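S.K.: Per the numbering used here, residue 1 is the first one in the sequence shown, and the count goes up by one each step.
Rather than coming from a laboratory, the hints here were simulated on the basis of the structure. All values reported here derive from a predicted model rather than from experimental measurement. Note that the Cβ used here is the ideal one computed from N, Cα and C, for glycine as well. Check each hint, because a few of them may be wrong.
In silico EDC-like links for lysine to aspartate or glutamate, alpha-carbon gap of 20 Å or less [said to hold, decoys possible]:
| no. | residue 1 | residue 2 |
| --- | --- | --- |
| 1 | 287 | 315 |
| 2 | 317 | 179 |
| 3 | 437 | 386 |
| 4 | 230 | 468 |
| 5 | 117 | 468 |
With beta-carbon atoms standing in for the labels, derived distance ranges [stated by the list, open to error]:
| no. | residue 1 | residue 2 | range |
| --- | --- | --- | --- |
| 6 | 245 | 161 | 39 to 49 Å |
| 7 | 113 | 84 | 16 to 26 Å |
| 8 | 386 | 99 | 51 to 61 Å |
| 9 | 313 | 475 | 31 to 41 Å |
| 10 | 202 | 69 | 48 to 58 Å |
| 11 | 134 | 202 | 48 to 58 Å |
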Amino acid sequence: LFLYKKPFVESFEETPLLVAVLTYMGYGILTIFGYLRDFLRQWNIEKCHVAREREEQKDFVPLYQDFENFYTRNLYMRIRDNWNRPICSVPGAKMDLVQRVSYNYNWTFEHTGKVVKDVINMGSYNYLGFAENTGACADAAIEVTQQYGVGVGSTRCEMGNLGIHEELEQLVARFLGVESSMAFGMGFATNSMNIPALTGKGCLILSDELNHASLVLGARLSGSTIRVFKHNNMQSLEKLLRDAIVHGQPRTHRPWKKILIVVEGIYSMEGSIVRLPEIIALKKRYKAYLYLDEAHSIGALGPNGRGVVDYFGLDPKDVDIMMGTFTKSFGAAGGYIGGRKELIDYLRRHSHSALYATSMSPPVAQQIITSMKIIMGEDGATLGADRLRQLSENTTYFRRKLHDMGFIIYGNDDSPVVPMMLYMPAKIGAFGREMMKRNIGTVVVGFPATPIIESRARFCISAAHTSEMLDTVGHACSCPKNKIHDFIHISLKNFVCVCVCVCVSVSPRMCKCAF
């Protein structure tokens, strides 16, 4: 209780029973019609667009697992137009999209040659607004491109170690408040390729159940034993720690060589913030190591933009491995790991990302350096502090606005990731399309990326958003009281025979829907 210096408020409203029942019914209907359409395809009554084995290869081991692709084939394909929309501008607060149409129910798309202008971008991880093609960052990147070129053509340990890489790593270490750091060209590989270098057989990884796929892959590749604790649940984590120390390794009961707790700063699908003070206390009590992934929190949290450690006012030395990416708040690409000098020196010799991956592109490195110096105030101006303050104000404003309108939203009050619950499968496609009609680009997410009854729309707030933009988005989500709710009828041809209200995820206490 005394570990927190300010209130730690998170909201995860339980799915209403009626909504859960209707959601299961919706998926049941989709599944039934999916099997019906598969039957029609098998008898060539309906045209099949799915990759199939050739008749002469029927005795081979199947290349395509037909049943495993059932969800993709019959459910995802019907709403595929909500994803992978081609962007033809800077993904800033507003963006331009290439218009496309499909004449075969989203199996293929054709570009019309038209461009949808000034779409409000609520999906990009552009937290501090550094995704821009003008200004100090762009000018510095152009200058470095003229000096170094775009590609390096070698790994860091061979001919690809440039002075700009050394400068970047020294700056990152100073920004994080650690002894040393190492930069990588790909954020996903920063996790998936470095965790196997840190743990192995005889080690135990305790992983939050909602950790990113890159952390999960890295843990699996390491060969370590993996145990999962409930999301942000300290009782669950402590029980695993106690059991690990008391019982040791399976069969032999020898002590674990290493126990590594793996968590994220901000969980990108839930909008929640890690309970870092409690985790550090448990880590110290049970002599474990802590791996903190700050992909979404670095630059987006804390009075100085230095992530969740800065947000809670903790000592960076209490986190053994500090990982983060440059793809969000810095408007660039790649990732980093920071910590003690001995740790970083070890990774330089043993990390697959360090030994086999091509070095980071020089203009990308310069984009990170310039944006980070702006955040730190080393540009001689207050632009960085202004953006940090604006992001915090936008986050508070938008979350409060949606909550006051009666929507069910998840996550921490200070998180710029704002999930708004949709629940029913038909609402996933309907919401994304209706928002697009109103020139608003959103990310909609459903099963299997979320639990089956917890489909959602995810808004990512940026310092570049204005209050007018956020008001426009809020108004588009709302249901005017003086109008009858629009109902979207998804025909049997599109699998769904239910009517769904555009007023999605409104809390029962606020909603005036028929059901």
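S.K.: Evaluate each hint against the coordinates.
M.R.: Comparing the hints with the structure gives:
Only pairs whose Cα atoms come within 20 Å are accepted, and residue 287 paired with residue 315 is accepted, the gap being roughly 17 Å. Between the alpha carbons of residue 317 and residue 179 the distance comes to roughly 9 Å, so the proposed pair stays at or under 20 Å and holds. The straight-line distance between the Cα atoms of residue 437 and residue 386 is roughly 33 Å, outside the 20 Å bound, and the hint therefore fails. Using a Cα cut-off of 20 Å, the hinted pair residue 230 and residue 468 is violated, with the two alpha carbons roughly 39 Å apart.
For the given pair, residue 117 sits about 17 Å from residue 468 by alpha-carbon distance, which is consistent with the 20 Å threshold. A beta carbon spacing of about 41 Å between residue 245 and residue 161 agrees with the range 39 to 49 Å that was offered as a hint. Range check, residue 113 to residue 84: about 18 Å between beta-carbon atoms, so the 16 to 26 Å window is met. In this structure, residue 386 and residue 99 break the distance hint of 51 to 61 Å, their C-beta atoms being roughly 35 Å apart.
For residue 313 paired with residue 475, a C-beta distance near 37 Å keeps the hint of 31 to 41 Å intact. Taking 48 to 58 Å as the suggested C-beta distance range, the pair residue 202 and residue 69 does not conform, at roughly 38 Å. About 53 Å separates the C-beta atoms of residue 134 and residue 202, a value consistent with the hinted range of 48 to 58 Å.
In summary, the numbered hints that this structure violates are 3, 4, 8 and 10.
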